[in-house]
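Line by line, the protein sequences give chains A and B. Position 183 of the first sequence, counting from 1, maps to 183 under the numbering used here, and the rest follow consecutively. Position 273 of the second sequence, counting from 1, maps to 273 under the numbering used here, and the rest follow consecutively.
Do not take every clue at face value.
[Said to hold, decoys possible] Just a few of them, taken from the derived set where beta-carbon distance is under 7 Å, the chain A residues facing chain B:
#1 142
#2 189
#3 234
#4 237
[To be verified] Incomplete in silico selection of chain A near chain B, CB under 7 Å:
#5 104
#6 136
#7 165
#8 271
#9 274
#10 276
#11 280
#12 317
Bear in mind the hints are in silico, worked out from the structure with no lab data behind them. Everything numeric in this text was worked out from a predicted model, so none of it was measured. Using N, Cα and C, we set each Cβ at its ideal position, and we do this for glycine too.
2 protein chains.
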Amino acid sequence: MHLIVVPQTHRFSEPLPLQSGAVLSAYELVVETYGQLNTQRSNAVLVCHALNASHHVAGLHADASGQPVPRSEGWWDNLIGPGKPVDTDRFFVIAVNNLGSCFGSTGPTHTNPATGQPWGADFPVVTVEDWVNAQARLLDAMGIQNLAAVIGGSLGGMQTLSWTLQYPDRVSHAVVVASAPNLTAENIAFNEVARRAIVTDPDFHGGHYLREGTLPRRGLRIARMIGHITYLSDDVMNEKFGRQLKPADLAPIGGGAEDGVALGYRYTTQEVEFQIESYLRYQGDKFSEYFDANTYLLITRALDYFDPAREHGGSLSAALARATAKFLLISFTTDWRFSPARSREIVKALLENRREVSYAEIDAPHGHDAFLLDDPRYHQAVRAYFEHTVAASLSGEATHG
Amino acid sequence: MHLIVVPQTHRFSEPLPLQSGAVLSAYELVVETYGQLNTQRSNAVLVCHALNASHHVAGLHADASGQPVPRSEGWWDNLIGPGKPVDTDRFFVIAVNNLGSCFGSTGPTHTNPATGQPWGADFPVVTVEDWVNAQARLLDAMGIQNLAAVIGGSLGGMQTLSWTLQYPDRVSHAVVVASAPNLTAENIAFNEVARRAIVTDPDFHGGHYLREGTLPRRGLRIARMIGHITYLSDDVMNEKFGRQLKPADLAPIGGGAEDGVALGYRYTTQEVEFQIESYLRYQGDKFSEYFDANTYLLITRALDYFDPAREHGGSLSAALARATAKFLLISFTTDWRFSPARSREIVKALLENRREVSYAEIDAPHGHDAFLLDDPRYHQAVRAYFEHTVAASLSGEATHG
């Protein structure tokens, strides 16, 4: 029995003031929901997405004849659905595509009403706080005042944390996975190299490539390759690829030396030699076909800017004093992008404010990507938290569909 | 009293067979030497350079009038020179620029005798083993049979290790700093992204940019930025740059929101916001002005290909059985490019062969770059090794100049 989902578009005509000072006069948000809102309207769970994800979190999409599209599962389908750790038989789960995205909600590929042309680089800078404000308006429109929980991984975890600071009265529980209270200099550095690869691609045209009928695919490929390296652990890359060579489709290039042939090397600087190169090129190519370059810039900047401690003189403890939610934090030992130490900073700051916090540090080999994977200890931690802690604070039982 | 050095060019007309099967029919090597060869010809020390370095290891260059050029110190001037840890009052130090480089020895910016055009992408692939063979011929030409020591960091450490395998009878001591027995999948991945940035730059022209009168500066900038991130530790980047903003030269861009102004953000996706971005862009710009793109491809490939265990079924212990030198290995705790674990693999394989090995794991904050810096514990370890162990095995005392 498949969960078939249909995205819905919500239009907003009340202008949204952004942190930068810009104002978005009207916008759309694309949303999916799973499960049913109970009569007390108390069982809603909001899912916040990370860099290259969308509102399509769980279930399958259907084709025109109503048949499920193979391999169209949502990006967190292993975690969220009927009987899953975030159980949609019990919770009403809402997933929203963020402003600035290229997956449906208003973003740089849409038409700028002021010019009649695609927004491109003129799309205003959006922050984690702006996204949370837009999500709160969506909930207003849906008639939902309180969230049983907000959950997100990576950049989604930053939105989750920000919800507890911007709307402390509306969030009962916050589940923050593989996240951080801000980016380190190294994190910003990787984002900046990726952005420079995009911006310096001659097909970028200052961000107005759609007007020019081009796409900065070269830059997007490089950006994705860099990103991909930082999502994986050194260990998992060694296990998966190690120093394996790509099998030769053709006779060895420039072969002849007995040594060389024995080693299996083709001795080439521009062609693929190792499997890891082939994998990264494939990931880069695929990404460059579907992702918007301006969206990449906007979302990496939202990551860079997020820093709730900033307006509190760098004190995360002072920043988190506003939060009243109960927290579950989860990190993964081999995640070097958002290491366990970063999650522990949040745990410490919450404990200094005497908040209720659970923390699970999962010994997983997969690096940052672990938050998307089906690790039994990780999923059990989420399941237990939703079954016992989140469910216990619902004012009544969920209706079943 | 300054050490003034003058590089010298050695020409070789005997063809050099390369590991790839190609043959370099004639070539030049640019060399600097420091100190004096003793009468027993027993005090020679060879220095092998890493990715973007050269034969200019120590001392200063002079201008036309013989005056020292300010800030022209060699790249390992803090370690090598009169009275320094590798003491040129005692040892005759030889530094050679490798084939394929862009700093003087025959490389892709030189003329291909077969075409009368710059070699460009047609320059043959060179390996660590090829470099060592060329260095050995240089020593033959200089009348030096035995090296008191070979020393190198990073890729230079790989050459040092390879010397003990290719010419075990000619090396008494090997000093391998911040190196590895091969690259991991992650190391190769970073090299590959850098290469793709170069190769996909429209100004690369398949590697024949010199013929076209262009330079792939965009790609080189990205390559250098990626490299730079991997040379530094997360800690040192946080300490040096953290989340500091670049001071505004101008009024804030798009400012107006009170929040934004209070946070000091300019809210821009394409301009510099953080200091770390400014630093990386500067490093990338500088590098793209002096480094050759084909050299970058060749040298990163030499790193990728090095793997002495490969022809021994992956057994490093079997590979190192040929080595008869005594070893000093040094690693740095925060080096995540070539972590201490990689040096320990070499130590373990040498011990399995009952070789004499000293190993120092230096607790230094600077990441891979530490091998170029003036850390007292590191320098003391090198000094002690040369003063006591290397000097003890000289057959006589060095003459003084």
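Hints, verified against the model:
1. 142: violated (27 Å)
2. 189: Residue 189/A check passes; min Cβ-Cβ to chain B is 5 Å, inside 7 Å.
3. 234: holds (5 Å)
4. 237: Hint on residue 237/A: holds, closest Cβ of chain B at ~4 Å, below 7 Å.
5. 104: Given a least distance of 21 Å, the restraint on residue 104/A is violated.
6. 136: Constraint on residue 136/A not satisfied, violated at 16 Å.
7. 165: Because about 13 Å separates residue 165/A from the closest Cβ in chain B, which is outside the 7 Å limit, the hint is violated.
8. 271: violated (10 Å)
9. 274: With a minimum Cβ separation of about 5 Å from chain B (threshold 7 Å), the hint on residue 274/A holds.
10. 276: This hint holds: residue 276/A lies near chain B, its Cβ roughly 5 Å from the closest one there, short of 7 Å.
11. 280: Constraint on residue 280/A satisfied, holds at 6 Å.
12. 317: violated (17 Å)
The earlier numbered hints that this structure contradicts are 1, 5, 6, 7, 8, 12.
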